[in-house]
Amino acid sequence: MKWINAIIKPFTLDDVREALAEVGVQGMTVTEVKGFGRQHGHTELYRGAEYVVDFLPKLKIEIAVTDEQLERAVEAISTAARTGKIGDGKIFVIDLEQAIRIRTQEVDGDAL
Amino acid sequence: MRFKLPRALAASALFLPGLAFAQAAAAPAKLDSGDTAWMLTATMLVLLMTIPGLALFYGGMVRAKNLLSVLMQCFAITALVTVLWVVYGYSVAFDNSGMAAGSTNIHSFIGGFGHAMLAGLKPDSLYLTIPEGVFVMFQMTFAIITPALIVGAIAERMKFSALLVFTALWFTLVYLPVAHMVWGGPGSFLGDLGVLDFAGGTVVHINAGIAGLVGCLVIGKRRGYPNTPMPPHNLGYTLIGASMLWLGWFGFNAGSAVAANGSAGMAMLVTQIATAAAAIGWTAIEWLTHRRPSVLGIASGAVAGLVAITPAAGTCGPGGALVVGLVAGVVCFFCATRLKRKFGYDDSLDVFGVHAIAGIIGALLTGPLAAPVLGGFGTVTDLGGQFWIQCKGVGFTVVYSAVLSYVIFKGIAVTMGLRVDEEQEQVGLDIALHEERGYNLS
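Heads up: the protein sequence lines correspond to chains D and G, in order.
Using this note's numbering, the first residue of the first sequence is number 1, and each one after it goes up by one.
Using this note's numbering, the first residue of the second sequence is number 1001, and each one after it goes up by one.
Pulled out of the complex, with its shape left as it was, chain D reads as follows:
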C-alpha cells in the first residue's frame, strides 16, 4: 500500500477528485494549506502599503491506495491538476504499513 500526499492548486480539486474516482479511489482527505516552492509569493498593495505574501494557499490531498492502484492514481492526479504553469504542485508517495477500517476492523486492502 502507498500513501499519496499531493499539493495542488485549489481550483483543480474537483477535477482531481473526479479523476481519482474514475480509477477506483474511494476516499480522500483534503486540507487547506499554505506554502511556497518555485512559485514565490506575490505582493499586495493597500493604499500604498506593500506587503509581500510569501505563502500561497494550496490544497493538500491525502489518499491511501493499493500498490496496483498507485500508478493510475498518480497519473490521474498529475493529469487533472496540471495547468502547465508554475505552482501546479507536487505529488509525494510514501510506503504505508497498515490500514484499518474502524467500524468493521477490516485491514489493509479491504480497508481502503
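SDA-like, lysine to any residue: derived pairs with alpha carbons at most 20 Å apart:
no. : chain 1 : residue 1 : chain 2 : residue 2
1   : D       : K34       : G       : L1441
2   : D       : K34       : G       : H1233
3   : D       : K34       : G       : T1228
4   : G       : K1342     : D       : Y51
5   : G       : K1342     : D       : Y46
6   : G       : K1030     : G       : P1131
7   : D       : K34       : G       : P1231
8   : G       : K1065     : D       : Y51
9   : G       : K1410     : G       : T1172
10  : D       : K90       : D       : Q39
11  : D       : K9        : D       : T43
12  : G       : K1221     : D       : Y46
13  : D       : K34       : G       : P1229
14  : D       : K34       : G       : M1230
15  : D       : K34       : G       : A1064
16  : G       : K1342     : D       : A49
17  : G       : K1221     : D       : G48
18  : G       : K1065     : D       : Y46
19  : D       : K85       : D       : F55
For the record, the hints were derived by calculation from the structure and aren't laboratory data.
What you are looking at is a predicted structure, and each value in this text was computed from that prediction instead of being measured.
Following the hints, put chain G in place on chain D, whose structure we already have.
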C-alpha cells in the same frame, strides 16, 4: 414668537442670506409636509452613514481580530452622542441667545443652555418649515458621525473606556463650538466672516480629520507598524460601507437644504458627480503609478469625493463638482499613500489623508466655484476674496481642532491612559476588551 432659534441659520443662510431672511420675514412659518417628509428621510440616511456605513467601511480595513472593536466604537458613539445632544448638545450648538449679526461676543463662539434638555420643544414647534424635533434629530446625526470618523485614526489600539471619555470631551469642547461658529446663525463667528460651508466640510470633516491626525500622533503607532503587514481583513465590508456612505450622503448634503427644493436637488446632483469623479481620479492615478486598480482605492476615492463636495454642495454647479471630485481623488491618493509613509505617522485608516485633506480641498474650492462666472449658484462675485475667506475658515478650524484635540488626548493619556497594553494589542481588541470574536468559523 415661538422661535427661539435663528430661523435662517443653517447652511442655506450662509450662501443665500437674502432668500433665507426673506422667508423669515414673510408670513409666520408654516409646516410644509413635503419638506418634513424629506427631512425625516434625510435624517435616517445620515444615521445610516455611521451605522452601519462608516462602521463597515472602517471594520473591513482593520485586521480580523479588531473588527468588533471598530463596530462597537461607532455604535457606542452613536448612543453616547445622542444622549449628550439631548442633554446640552443641541442647545450649545444652536441656541442663539445673545447673538446679533455683526457683533462678536462669547455667543459668537458657543451657544447658551437655554435649550438644555430640549426645553420648550413640543410636537408643533417649528424650525423653518419642518418640526423642530426633526431638525434636532437631523443635526444630531451630524454630531454622531463626526467623532465616529476619528475612530479610524486610532483604530486597533485605543482603550474603549478612553474612547468614550474622549468622545464626550471632544464633542463638548470641539464639535459643539465649531458647529455653533459656522451654523449658529447671524452673529456666529465663522458664519459672519462669510465662510461658505453648506453641509459641514469644516464642521465635520476638517474638524474630525485634524483630530484624527493629532490623535494618532499622541497615541503612537500600532505595534509593528510599518514593518508588520496589517492588510485589511475584509474589503467586501469596506466596499459595502463606502456604498452606504455614498447613499447616505444624499441625506447629508441634499438634506442640508432643510427643504425639499431646488437647492436640495442640485446638492444631490453635484454630490453624485463629485463622488464619481473622485473615484475615477483616485483609480486612474493608482492604475498609472501602482499598475493595479484596487477596490480599496476606488472606495477611498469615492469617500474623498463625498467629503470634498460637502461644503460646496449648495453653491457649485455640475462642472465645478467634476473639478472638486477629480482634484480630491488625485490629491488624497498621494496623501494616503505617500505623505503618511514619508512622515511615518500611523493614521491607521487615513482619516487625515482622506477626510481632512478632501475637506480642505473642498472648503477652499467652494469659494471660487460658488461664483456664477464659474458655473456656481452662489452670490460670490469676488473670487479671490471668497477664497481668502474660505482660507480663514479652514485655518481657524485646523488650529482650533488641533489645539483642543491635543489637550484632550494628552489629558486622557496622562490620567486614565489611551492605549491597551501590549498583550491586549497582540491578542486583538475584540477578545481583549469585549471577550468576543468577530468570526467563529470552524
